[in-house]
Amino acid sequence: MTIHSHSHSDPNCQSAWHLSRRSWLHSLAWGSACWLTPLAETLGRIHHEDLQRDSLAARQIARRLRPAKSLIVIWLQGGPSQLETFDPHPGSPSAEGSLAIPTRVPNLQFSDNLPLLAERADRLSIIRSVTSEEGDHERAIHNMMTGYRPEPTLIHPALGSVICHATQSWDNATDLPRHVSILATGQSSRGGYLGPQYDAFRTYDPANRVPDVEARVDDPRFQRRLQWLTQVVEPEFQRGRLSNPQLAATADTIRQATRLMSSEQLAAFDVTGVSPTEQKRYGDTAFGRGCIAATQLIQAGVRCVEVTLPGWDSHANNHTFQRNNCAILDPAVAAMLDDLAARELLDSTLVLIAGEFGRTPKLNVAGGRDHWPHGFSVVLAGGGIQGGRVIGETDPAPPIEKTGSRLKLVDPHPVENLHATILHLMGIDYQEVIQTPIGRPLKISEGQIIDQLLS
Amino acid sequence: MTNSSSNSSPGSSSNHAASVATPANWLGQLAFVLILLTGIAYLLQQSLAKTALRRIDPRILTEVQRPGLHGTLATLDEAFAHAWQTQHLEPTPPADDLTIMRRLSLALTGMPPSLEQIRWSESLPDSQRLEQYLAHLLQDPRTHDYLAERLARSWVGAESGPFVVFRRQRFVTWLSDQLQQNRPYDQIVRDMLTARGLWTDHGPVNFFSAQADPDQDNRIDLVRVTGRVSRNFLGMRIDCLQCHDDFTGGTEFGTPSEPREGLQTDFHRLASFFGQIQLAPTGLHDRLNAPTYAVELLGDVEPTRLTAAVPYGQDWVGPPSDNGASAAVAATTADSVTTAPDSAATVDSTTNDTPLRQTFAQWLTHRENRPFARAMVNRVWGLMFGKPLVEPIDNLPLHGPFPPGLEELTDDFIAHDYNLRRLITLIAYSRPFAADSRGSHELTPAHQQHWACFPTSKLRPEQMAGTISQAASLVALDDSTHIVTQLVRFGEELDFLTRYGDLGDQEFEQDGETVSQRLLLLNGEMATQRLRVQDGLPFNSVIQLERLGQSPAQIVELVYLIVLTRRPTPHEVAAIAPVIAEERRAGIEDLLSVLINSSEALWNH
Chain A
1 MTIHSHSHSD PNCQSAWHLS RRSWLHSLAW GSACWLTPLA ETLGRIHHED LQRDSLAARQ
61 IARRLRPAKS LIVIWLQGGP SQLETFDPHP GSPSAEGSLA IPTRVPNLQF SDNLPLLAER
121 ADRLSIIRSV TSEEGDHERA IHNMMTGYRP EPTLIHPALG SVICHATQSW DNATDLPRHV
181 SILATGQSSR GGYLGPQYDA FRTYDPANRV PDVEARVDDP RFQRRLQWLT QVVEPEFQRG
241 RLSNPQLAAT ADTIRQATRL MSSEQLAAFD VTGVSPTEQK RYGDTAFGRG CIAATQLIQA
301 GVRCVEVTLP GWDSHANNHT FQRNNCAILD PAVAAMLDDL AARELLDSTL VLIAGEFGRT
361 PKLNVAGGRD HWPHGFSVVL AGGGIQGGRV IGETDPAPPI EKTGSRLKLV DPHPVENLHA
421 TILHLMGIDY QEVIQTPIGR PLKISEGQII DQLLS
Chain B
1001 MTNSSSNSSP GSSSNHAASV ATPANWLGQL AFVLILLTGI AYLLQQSLAK TALRRIDPRI
1061 LTEVQRPGLH GTLATLDEAF AHAWQTQHLE PTPPADDLTI MRRLSLALTG MPPSLEQIRW
1121 SESLPDSQRL EQYLAHLLQD PRTHDYLAER LARSWVGAES GPFVVFRRQR FVTWLSDQLQ
1181 QNRPYDQIVR DMLTARGLWT DHGPVNFFSA QADPDQDNRI DLVRVTGRVS RNFLGMRIDC
1241 LQCHDDFTGG TEFGTPSEPR EGLQTDFHRL ASFFGQIQLA PTGLHDRLNA PTYAVELLGD
1301 VEPTRLTAAV PYGQDWVGPP SDNGASAAVA ATTADSVTTA PDSAATVDST TNDTPLRQTF
1361 AQWLTHRENR PFARAMVNRV WGLMFGKPLV EPIDNLPLHG PFPPGLEELT DDFIAHDYNL
1421 RRLITLIAYS RPFAADSRGS HELTPAHQQH WACFPTSKLR PEQMAGTISQ AASLVALDDS
1481 THIVTQLVRF GEELDFLTRY GDLGDQEFEQ DGETVSQRLL LLNGEMATQR LRVQDGLPFN
1541 SVIQLERLGQ SPAQIVELVY LIVLTRRPTP HEVAAIAPVI AEERRAGIED LLSVLINSSE
1601 ALWNH
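Order-wise, the sequence lines are chains A and B. Per the numbering used here, residue 1 is the first one in the first sequence, and the count goes up by one each step. Per the numbering used here, residue 1001 is the first one in the second sequence, and the count goes up by one each step.
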């Protein structure tokens, strides 16, 4: 039986194209198999590149077809100096003696504190014109982590939490938390109004075991404790009482916690098996180990990992502070990018390097730089980002008494634009409106995509 | 020396050497005496502490006796009884005294009663037990410190803030002193709103300096100040008005007969009251000749000068006249361009010698300004129950309707000069506070909504830490506790809170639990090490319980009293006592750990 029996009556119809059901299924099977071949991948890439040349809307569609899967946030807590990292102005008054070196990208300079990342600048895109309205650490951290300024009536979720919330249906069940903070601090990513289930799982120096996953008593005693808790004490408390969602979730949380304690996937946190040579390549620091663990966790299927490097708040002796921190940052991130690329994870993993603000373009009397949210640098890599790009430009000698729009800042991007761009790269509709617990509808991000990063 | 010793026999030589007062000997003997004295001082302190537990200030005891509160309590309970009848809700019966003691202790000190306190209360006649325990708590310095910390979270935030000009602990200490003296609430707020001087020297100054913006030369952020003042002291969330007029019906001003929605100018006219504040290296001052507050209103391209005005109750603006009534300040537009057609009375900064914020403080604390009293009643109710009468805690309607209890308590609070101790006592004796959280009949969400049963709510992180600390000791951990123990406890609790996470000033949010938090409770340092036998902690509850010559069933009972402030059921004793009979130490450790991890210990109920 032919599918198109009426075709015989159509003089324009070419019978050679007519398909029987068997031949149609046969073609379909071959066609499907072809999509598994390198040829298909090439065709797909060409198709993707074609789309990239089209309008922004088309690019957005393309992005949704191949979104980044994972996010690594390198969180530089305290506020790194843009001038001693990714936006040096050698010879200018604002440099205050800081030097710059050429990078792998022509006409692009980094601080001489970052020689290894300079060699990999073709993988990095730098936004040198990020701005915010927050100059206080706690408020600025909230702003940078969530894309919203702090509000008295609503705690906004951090970027990783938003991503885990939006992509929860994409992930297979795993024992590992989907959102992890390594070298966690009190300001680590929180789920905010999305709920604590989206908080980052907090862990510390990977040289040590993941905190609290080892029972402090032998297994028979631990099992006895669990049995008393779940079968004796909890049922007695719930008898005759009105339950509520948080209370009812306790049993689930206990189950998840104990499952994690015995999970073999915990090995993804463990860096003790990594050779000393490899650890040295990452700088042999807690932060370096954090970057090793981040790579392992991403490979194991964790969606968002945050690694914190604190200590950038250089109100005194700025140059030494920044140099010392860069000496930790540079080898660790450079090695992590290399390893992500070697494991073919870099295309699907977006890496964000950011702190809560930058630092003033003038040294204070103590040789330090103070807080400066009026134009600072943030770096993106992987996840489909075109490397070697620089967006925005800061004034080499801005008057520090001036703020905001009065500064000479080329192509400024408020923090929320960064969030919108990252969410878009992750295939998330950042303009989707969420009903918050206080009844206020709110977009996931109020920002605009930084177009130059996608072109 | 050499000759004489050489002439002596070995035996006499050693005797002689022992009797010689070498520096080393002196030091050794001095150390021994010091240790001895420290031990004696510790024992004396412990015995005095126990005495103090029983010595209650008679004035406080008089204040908390029920007969003096009878009228208001009857009105209060009648209001709830009427609501339950209307809603066809059968209230749960009153909970037992131990349960109520636990609620009181958690609300006022952040930790449950100690075994020592439980035993003491059980030695009292039934009719006096709760009164005496409440009086004991109200004079306990832990209560002043804890309530000051809870209030400070809302008033100045939970964060360290702008370091150069803000000393949070100085503010908390000042507030604790006010609570210890039971200063009227309106006076406390007036002190804060009119404070001058250095933040390091004068605690209430930090109310304003907490809102300094380091990025703007530490200028006070008037929008943030206005938002905090409005939410905390008026119980109104008007933050949206800072950008635009209300178009959602979320704010309400005007009079009951002529209510109106909020305008953007309402917010900024309130902010204008704080426009004279200046934070300088010499401290917080008022610039009486400062230009009138200006703001760019929505749709405008130029700033508009707005004189200060209140959004309702214009008759209360201005200093009280001789007959006690307030005189309204005439509206003026001398230095302003008013764009909003509101009826607010404005206060001209250019013709008034009184700082504008002082005028505002007088209006705010005017006895007819019921939202001021109502907001605090709702907050204290929230502190006591873990859930306020009106949610969210800082957004009450100006003209009602109000839930049962709110107006009755507000009336009493104003009539008794904003006496916080009395307010706490009234709430503690109210029928809803006494209600059991479980019933023999089916409970529905309506029971909790209308306070026909005590609502269950998750403890705050510091209450959990307090519960764990207290579980490691049979006596109350208070200011009489040995300084070393206090320091250890402080360090452990700080670490616990850092790891567990802090809710900040969103302290009435009911969040669930994360896997990290559960692991911390199951296997964390504080939860496990404090509750096991180990070197360096010779007096923790495990060792003391182990050494008591009690039967396994009695041990189970003691552990339940220590952690859950209740006695175990027969089923629980039957399940646990046999293990303690076989492995006394391990059994006690395991039971302590289990109870610390239970919802019953981690929830208010």
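Please keep in mind that the hints were generated in silico from the structure rather than gathered at the bench. Even glycine gets a Cβ: it sits at the ideal position worked out from N, Cα and C. Possibly wrong hints are sitting among the right ones.
As the list claims (entries may be wrong) - One side only, chain A facing chain B, incomplete, derived with CB under 8 Å:
no.	residue
1	138
2	168
3	216
4	224
5	236
6	244
7	246
8	260
9	363
10	365
11	368
Claimed, not checked - Now the stretches of chain A that chain B is said to cover, found in silico as 3 or more residues with beta-carbon under 8 Å:
no.	region
12	270-281
13	286-294
14	383-396
**Asked** Hint by hint, which ones does the structure fall short of?
**Response** Going through the list in order, the structure violates hints 2, 9, 10, 11, 12, 13 and 14 and respects the others.
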